[in-house]
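Q: Given next are the chains, with one letter for each unit.
2 protein chains.
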Amino acid sequence: MTFQPPLSGKEQDETEEFRPRFDSNGLIAAIAQDTSTGEILMLAWMNAEALSKTIETGRATYWSRSRGKLWIKGETSGHFQEVVEILTDCDQDAIIMKVNQTDAACHTGRKSCFYRRIDGTSRLIKSE
Amino acid sequence: MTFQPPLSGKEQDETEEFRPRFDSNGLIAAIAQDTSTGEILMLAWMNAEALSKTIETGRATYWSRSRGKLWIKGETSGHFQEVVEILTDCDQDAIIMKVNQTDAACHTGRKSCFYRRIDGTSRLIKSE
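Chains as they are written, first to last, in our numbering: chain A, 26 to 153; chain B, 26 to 153.
Hints listed in this document are in silico derivations from the structure and should not be mistaken for laboratory results. A couple of the hints might just be wrong.
Identical copies look the same in the list; a pair holds intra-copy or inter-copy alike.
Unchecked claim - Simulated pairs of lysine-lysine, DSS-like, Cα-Cα distance not exceeding 30 Å:
id : residue 1 : residue 2
1  : Lys35     : Lys151
2  : Lys35     : Lys123
3  : Lys151    : Lys123
4  : Lys123    : Lys136
5  : Lys78     : Lys151
6  : Lys35     : Lys136
7  : Lys35     : Lys94
8  : Lys78     : Lys94
The whole structure should be built from the sequences, with the hints applied where relevant.
A: Structure (structure tokens):
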């Protein structure tokens, strides 16, 4: 799958064509949200190939910036994300995937990567 | 407010100190989520100053990449985001703000910026 380039301004906001806007590193932000609870599970990155594979396979596939490679979520852990629906935002530089998450989304073993709340200034409170 | 630098690996995952990891452009991804419905409203960016101001004022403040300036959400539209809670993720390169959104989060006038669903391949379906 290849993607058409983004349009500008209001055209991009209102088009009914998917024209993802990749950043200068060729990446788009991808939020995984639990489709049943609405809980945000993680935020990661996709290049065009990862985005293509996610759409085609129905399994969330990211680009690992630290490892510099494509990364099928769950390929080693078994913690796959089955994609139910994908939304994009006004300027199409981010997507939300509503997913069915097998077990934990976070590599620490927690359901969500967002397990710490900022307390006032510089302290974090763990939710679990 | 100044932030301490991130730690590495598991230390960063488990620390109870807020040590945000800004990217090579000095930015962190910030997701605004409606605190009552769980709907994701928008994704934007913060530099250290924007993050500081958000924490200190309780009003979501971003860094506008296109305009190259600090941007208090609602300063021109009146569509402020009152921050109820802030969460960060395992490696602390993203935050979620649970917010009370005045009127619309999106500059198009829609409640959420994520108003289009990707239909199969390259088409978008508007939800409203």
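Q: Are the hints correct? Go through all of them and say.
A: Here is how each hint holds up against the structure:
1. For the identical chains of this complex, Lys35 and Lys151 are inter-copy neighbours only, at 15 Å across copies versus 41 Å inside a copy, given an alpha-carbon limit of 30 Å.
2. Proximity of Lys35 to Lys123 under the C-alpha cut-off of 30 Å is found in both arrangements, the shortest distances being 26 Å within a copy and 28 Å between copies.
3. Proximity of Lys151 and Lys123 under a CA criterion of 30 Å is satisfied in both settings, with 25 Å inside one chain copy and 16 Å between copies.
4. Taking CA atoms no more than 30 Å apart as the test, Lys123 paired with Lys136 passes in both settings, with 15 Å inside one copy and 18 Å between copies.
5. Taking the shortest alpha-carbon separations for Lys78 and Lys151, only the inter-copy value of 23 Å comes in at or below 30 Å, while the best intra-copy value is 34 Å.
6. Taking identical chains as interchangeable, the C-alpha atoms of Lys35 and Lys136 lie at most 30 Å apart only when they sit on different chains, with a minimum of 17 Å there against 37 Å within one chain.
7. In this assembly of identical chains, Lys35 and Lys94 lie within 30 Å of each other by CA distance solely across copies; the values are 21 Å between and 34 Å within a copy.
8. In the homo-oligomer, the alpha carbons of Lys78 and Lys94 lie at most 30 Å apart inside one protomer (13 Å), although the nearest pairing across protomers, at 35 Å, exceeds that limit.
Taken one by one, the earlier hints all hold for this structure without exception.
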